Amino acid sequence: MRILILLTSLLLATAAVSAPLRIKITEGVVEPLPFAAPSFIAENAAGAEYAKMLVDVVAQDLTGSGLFRAIPEAAHISKITSFSSPVQYSDWKAINAQALITGTVSGSATGQITVKFRIYDVFAGAELGKGLRFTGSADGWRRMAHKVADVVYGRITGESGYFDSRVVFVSETGRKGARKKRLAIMDYDGANVQYLTDSASIVLAPRFSPTGDRVLYTSYETGFPHIYLLDVGSVKRKVLQNSAGTMSFAPRFAPNGKSVVYSLEQGGNTDIYLMNLSSGKSRRLTNAASIETAPSFSPDGSQIVFESDRSGSQQLYVMSASGGSPKRISFGDGRYGTPVWSPRGDMIAFTKQNKGRFHIGVMRVDGSKERLLTASFLDEGPTWSPNGRVIMFTRETQGASGAASLYSVDISGRNLKPVKTPDGASDPAWSPLGR
Amino acid sequence: MKFIIKAWAVLCVTVLIGCSDTGGNTLGGGADGGSQGSVDDPTSEAYFEASVGDRVFFAVDESVLSAQARDALDGQATWLNSNADYTVIIEGHADEQGTREYNLALGARRANAVREYLIGAGVGGDRIQTLSYGKERPVEICSLERCYAQNRRGVTVLNNIGF
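From first to last, the protein sequence lines are chains A and B. For the first sequence, the residue numbers in the numbering used here are 222 to 656. For the second sequence, the residue numbers in the numbering used here are 15 to 177.
Treat the hints loosely; a few may be bogus.
As the list claims (entries may be wrong) - Under 10 Å between C-beta atoms, here's a sample of chain A residues computed to sit facing chain B:
(1) R400
(2) F445
(3) I512
These are computed hints drawn from the structure, not numbers from a lab. What you are looking at is a predicted structure, and each value in this text was computed from that prediction instead of being measured. Even for Gly, the Cβ is constructed at its ideal location relative to N, Cα and C.
So that you can see chain B by itself, here it is in the shape it has in the complex:
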């Protein structure tokens, strides 16, 4: 049963981010893969990922939130404010075009930019942790800008504490 749910979640995310030609790149290893529940249940992780959108993207070497990113985070904040059973970990990621340590620090900046925005939109700071993966967990694995653009991301990973 768990496998089926995970497979479904991978499919959703693949559609969402327009998984290009990288060939069978399942989400795994990092925490930003696999989610629980049905996309039809508006209080589920799967719904959050598929309909609200769990990630925002950044420009090269930037942690500034674009207008598009702020819109996405407004949606996340609205959802989180009405689904108080969830805490979140914001994962910051970087593309491979940088040194390891710098990318860890850059990912942390990105995660924190997302966190600060969500707090500003009313989500309690005690519900939000941050984490940087630097360049360790690319979601797209080609060495082209179209992949890098998907990898420079902040991902809001839900953790249901309601049970």
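Same shape as in the complex, but just chain A:
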């Protein structure tokens, strides 16, 4: 990934399409773009509580993306004391802040806060886009900060941000061999964890609906693994498939949210089925004596990528969403599993197992341009950020004290870092854009 910082002069200040300050996200080496985000100005006492916290979250989001670098407030020459006064560009240039973010926070008696902010292109000596204002409940102040950061990221990279997003995952406690698992949901940065199930039965691999309000997962609630649908708001759940003598697992929504693709095991054989959620009826999409599982739709709903060991080892295949003969796309060394189609439709993320190591990788949808992003004792289960730029996955450490936790990495392979969770964590699924 390479950042091209195009500091052209601000000749077309009004043309929204050609922002002068621009990080271009492509392949190559990166130098994070330095920015300054001084504490927002509290417009009243009710806003004072949030002014610093809010801007800190904005800065964490931007810095955490690996594309930006915050210049500490101690190094700032100018202080921002007024939201409307002209900016002393020379003071920000002097500390090499290429972007400057200023803002205000005010609170109301009804528990609302209002955030106003502006983004400046320091070297062009001009505002980057228009100032914006968000109002919402004070409880949701972190979310407002994420929205501010999304705007900054969007204006500077030209791509949508992913900070106002959530992750559903499996929270893990207890020793290896007797792990307690429960579904949990949190902000993408690990804040605001809430539990969606208790840990009475094993739960696995939750997946968001396209609107982010429902979650599919696998649970051993009946003693046997079956697929469930859970409403995130009410935490009510219902089993989708629990025919006696079968096992159902690996569910994922179709992009229209109306059907669910999943694996059904009968008599030791696992194939892929498609269930219409309103009728509850399922249609078989694969019919082979091999293992067919981990299906994932293309974003346009026309194709499904899945894994199969029909060749003798676990490999990736693409088939039409209506079934039919699949085409193998993975041909490198080792085994390939858990394919996930990118939200942009251009890539497939996967888990690769080779020579005793596990990798998270990406390839084009035709299997070309394979790139491995990580390597460890056990990395698995990639999920895409809503803008298709970052992948989150499970990393498990080895040995008797081994534990699972979440990591994220840019699709360039840079910026590998842990995602904070209260306990062990596995099987992350990133929410769609706008939750």
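We have chain A already, so just place chain B on it with the hints.
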């Protein structure tokens, strides 16, 4: 009383599978832990686990039954054929060296291989259910082949319907 029975069962199984150096790994969480009755009672679960042997092992990424596994299942079938009060759930398990979904499917293959063999040896198919835990319930927790070999297993869990 129940606690004592369970503690005894754990001890038996630990001896049976040669619980190596994994340190205090009690069987729990999965269904393949804890059994009822005395090892001296040949119709008890405890006897089945300790003397007949409740599990068979598989090679890496395989669901084919070895000669040793078939011998063990012959013993299970003989016991089940003379103890009609029991139904069984066959649990299929995998080691941690695989992805979650694949291991679920692989565990199901293993469980089914055990089921088919028992049916072939005269046990009624209506007495045998299968279940896969994938890699969710390792019985040995080191990350070495000697542990993995114990985890790639099919376990026959008894359910007494005689009462």
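Results of checking the hints against the structure:
This hint holds: A:R400 has a C-beta 7 Å from the nearest C-beta of chain B, less than the 10 Å allowed. With its C-beta approaching chain B no nearer than about 6 Å, A:F445 sits inside the 10 Å limit, and its interface hint holds. A least Cβ separation of about 4 Å between A:I512 and chain B falls short of the 10 Å threshold, and the interface hint therefore holds.
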